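Engineer: These are the residues of each chain, in order.
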Amino acid sequence: MNRLDYVVLVATILAIPLYGLWRTRGRETLGHYIKGDESIRWATIGLSVLATQAGPITFLSMPGQAYESGIGFVQNYFGQPFALITVCAVFVPIFQRLKVYTAYEYLGQRFDQKTRLLGAFLFLIQRGLAAGITLYAPAIILSALLGWRLNLTIWFAGGLVVAYTAFGGTKIVSITQRYQILIIFVGMALAFIIAVHRLPAGLSFGRALSVAGGMGKLQAIDFSLDPDRRYTFWSGIFGGFFLALSYFGADQSQVQRYLAGGSLTASRFGLLFNAVVKVPMQFLILLLGAMVFLFYQFEKPPIYFNRPAYDRAIALGHGAELNELQAEFDDVFARKRDLLNSSGVNSAFNRAKTSREGGSRQEILQLDARARELRDQVRTILERAGASPKSKDSDYVFITFILQHLPHGVVGLLIAVILCATMSATSATLNALGSTSAVDFYRPLIRPNAPDHHYVVATELLTIAWGVVAIGVASYASLVENLIEAGNILGSIFYGSILGLFLVAFFLRSVRGSAVFFAALLAQSLVLILFWTLNISYLWYNLIGCVAVLVFSLALQRTIFAKSSPA
Amino acid sequence: MKGTNPQSEPNGDSAPLFGSWPKAYCVALGIFAFEIVLFYAFTAIFS
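If you read the sequences in order, they're chains A and B. For the first sequence, this note's numbering gives the first residue as 1, with consecutive numbering after it. For the second sequence, this note's numbering gives the first residue as 568, with consecutive numbering after it.
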């Protein structure tokens with residue numbers, strides 16, 4: 001990065017919060033602080049919902065995911081449109097009609113105070129920890145590759161977010177997210193255009209797609225029913241629906257986004273915007289990763305993208321082994337590139353007409369598989385050397401491409417994209433954590449009848465407190481073995497029980513507060529026990545937690561709490 | 568849609584542009600179905 005990059009970076013990440021602060025100047029009521037005002041339109045809500053979900057991991061890891069495994073990951077999002085429509089039809093009208101500040105307030109009105117506090121408590125634990133990981137994940141990657149001090153990166157990004165979020169509340173979160181996501185779109189579009197432009201001159205975009213597809217990177221849809229396949233249309237529709245329903249229906253960091261402005265119409269249009277835009281956006285991000293993969297078929301990639309970890313292994317005395325693998329990797333790359341550069345093979349990836357063309361294609365695929373084996377061997381050596389990185393090597397693919405192959409200025413913009421994504425996701429989370437702490441805990445339990453302004457100040461202070469917690473978690477997140485997985489695991493452990501509370505509230509009208517409260521406690525305990533004893537995919541805990549709350553609450557209501565049923 | 572007052576939509580069943588919310592949901596699902604068809608065609612052509 002040179003001076004131009006730093007100017008673009010600093011100007012971008014500071015200008016948006018400063019504009020937001022200017023737009024939200026002046027004192028506000030608690031309602032305005034938590035829900036914004038009527039100037040927040042459906043488009044802002046839609047972009048805000050989009051930005052809240054699209055954290056830094058989306059932009060750092062997704063292209064690397066496509067680089068490694070192709071674009072099939074897009075199927076994970078296929079359940080979202082159905083979930084968003086369910087939230088529009090069922091959740092939003094209830095939240096808007098009751099004019100609640102938080103989703104958990106509704107649990108208090110439907111059941112009782114203890115159930116409301118339980119829902120809010122589970123959310124606070126999960127999101128408080130996840131906010132720290134959202135700050136830490138990009139910081140560890142950027143600091144490793146750019147030589148920035150890790151804690152300084154965390155404190156700078158975290159401090160900036162805490163300051164403007166605490167000051168401006170929901171309105172500033174919505175305004176800044178709108179511009180941050182626009183910067184993200186521009187940056188990713190530029191990266192896409194440059195990646196395609198940097199492909200060899202004779203390779204048209206259509207032919208490039210054929211080559212990437214021929215190398216197994218462009219299978220967007222897989223209707224297979226094989227349970228061993230990681231991403232399929234069916235797992236995306238069913239698993240994705242469930243996960244998205246938990247996230248959009250019961251996570252205050254999203255609920256607060258679409259309740260902003262207070263209009264049912266604006267909330268619904270904002271969510272429907274996401275129902276049609278989210279999947280194509282993920283597709284394009286993954287396609288960018290496939291283009292980066294193709295770029296690295298003609299430009300030699302590093303054998304291991306996480307260069308600092310690789311260098312640590314060399315320093316620890318594994319240089320000879322790594323050099324041997326590097327030499328073979330260089331040879332494999334050169335042979336593969338020569339085959340790809342031959343015009344016959346380009347046509348072979350379109351339609352192999354001759355056995356020679358088909359044979360070349362097979363040879364390319366074999367060389368590609370060998371290159372992957374060599375990378376796996378490097379990772380094994382790194383782990384043996386104790387230089388094991390905290391995230392997958394694929395997380396470093398896109399950032400390496402940015403730093404090594406994009407022009408100055410664009411590099412600064414793309415780093416700003418990653419920090420914008422960090423700030424937008426973190427600000428929404430802190431805003432929700434502060435609001436939930438104030439509305440669901442502080443106001444009813446500590447100061448029930450204070451003036452409105454008192455609660456605004458309390459929410460600001462609680463937002464700052466959660467910011468300090470998030471920065472603290474980020475500072476110690478290096479203790480987590482795989483930090484990116486950790487965020488998803490955390491969500492899966494707690495989301496199921498929280499969603500279960502809401503589904504009981506909406507659909508099991510006979511169940512009362514005590515039954516659902518103890519059912520949720522039992523379900524959460526069950527999930528934690530299973531998490532520590534079983535070795536199953538963490539996504540299952542969403543389903544287990546939710547179904548357990550539904551079943552336990554019905555059982556408890558009909559047995560122990562039968563007397564509290566309505567006559 | 569700017570500043571829509573929730574009191575003007577007491578039943579929540581009137582969607583600007585679409586007439587009703589169920590119609591709006593159907594349009595969104597229709598667009599999503601079209602996206603799936605495009606992805607399928609993309610996969611069939613290039614994969």
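Be aware that a few hints might be false.
To be verified - Short, incomplete list of chain B residues facing chain A, as computed with Cβ under 7 angstroms:
hint	residue
1	S587
2	Y592
3	C593
4	F599
5	A600
6	F601
7	E602
8	F609
9	F613
10	S614
Said to hold, decoys possible - Label pairs and their computed distance ranges (CB to CB):
hint	chain 1	residue 1	chain 2	residue 2	range
11	B	F601	A	F205	16 to 24 angstroms
12	B	A600	A	A334	44 to 52 angstroms
13	B	F601	A	G319	37 to 45 angstroms
14	A	A315	B	A600	23 to 31 angstroms
15	B	A600	A	F506	21 to 29 angstroms
16	B	C593	A	H197	38 to 46 angstroms
17	A	P227	B	A600	42 to 50 angstroms
18	A	A43	B	A608	45 to 53 angstroms
19	B	C593	A	H453	30 to 38 angstroms
20	A	N488	B	A608	24 to 32 angstroms
21	B	A608	A	S342	24 to 32 angstroms
22	A	S39	B	C593	26 to 34 angstroms
23	B	F601	A	G409	43 to 51 angstroms
What the hints assert, rightly or not - Over the 10 angstroms line for every Cβ pair with chain B, so calculated as not near, a few chain A residues:
hint	residue
24	L209
25	G216
26	L218
27	I221
Hint data in this document are derived by calculation from the structure and do not stem from the laboratory. On a predicted model such as this, the values are computed, not experimentally measured, just so you know. Ideal Cβ placement from N, Cα and C applies to all residues, glycine included.
Engineer: Tell me the hint numbers this structure goes against, listed in increasing order.
Structural biologist: 1, 3, 5, 6, 13, 14, 17, 18, 19, 23, 24, 25, 26 and 27
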